[in-house]
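Residue numbering for the sequence shown follows our numbering, beginning at 221 and increasing consecutively.
The set of hints was computed from the structure by calculation and includes no laboratory data. Everything numeric in this text was worked out from a predicted model, so none of it was measured. For every residue, glycine included, the Cβ atom is placed at its ideal position computed from N, Cα and C.
Cut-off 30 Å, straight-line C-alpha distance, at most; resulting in silico cross-link-like pairs (DSS-like, lysine-lysine): (1) 328 to 348; (2) 348 to 326; (3) 326 to 288.
DEER-style ranges, computed between Cβ atoms: (4) 252 to 295: 44 to 54 Å; (5) 247 to 279: 21 to 31 Å; (6) 242 to 295: 31 to 41 Å; (7) 279 to 375: 37 to 47 Å.
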Amino acid sequence: RLKKSQKLGDTKKQRDKESMLGFPCDGWLYVTITTSSLIVSIHIIHQEAHVPYCPIDIPVIVKDLVKKNSECRPTQLWDMILQIIPHPNFTKKAVYQLWADIDSQKWKRDNDELISVNILLREGREGKLGSYVIEPIEINPEPRLSAIAFTLPEILTQ
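Using the sequences plus the hints, can you model the full thing?
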């Protein structure tokens with residue numbers, strides 16, 4: 221049966237939940253637990269078969285391809301994947317998410333974004349982030365506001 225749209229509990233992620241298809245299969249799952257025994261009894265009744273589950277997990281071969289080619293754009297990766305798996309069960313969006321997670325490891329230093337950016341600024345000041353030196357700009361903190369400022373002096377002098 222189709223269910224009414226539900227929102228996720230986390231207010232920062234107010235999206236509709238994906239719902240699975242429902243079937244009138246007269247299925248029941250009975251679980252019996254007794255306090256006097258360590259044995260759990262499980263009994264399943266299923267009267268009618270329905271559409272088989274189709275796994276949508278990204279295969280290991282694809283995960284390895286994305287890791288080895290993370291410098292490629294997601295569209296390029298998708299084209300490579302289609303050469304290996306012409307009709308994948310997973311989506312381009314799932315591959316993009318995998319690529320984004322791998323790519324973020326190159327620059328993400330902490331789960332807290334503000335801590336992470338301050339670490340990056342320190343590394344940039346020490347000349348550890350590529351061609352340009354980064355100079356942080358001190359700013360006065362304001363209540364309930366998090367902010368950063370920096371400059372790339374070498375670029376400004378060009």
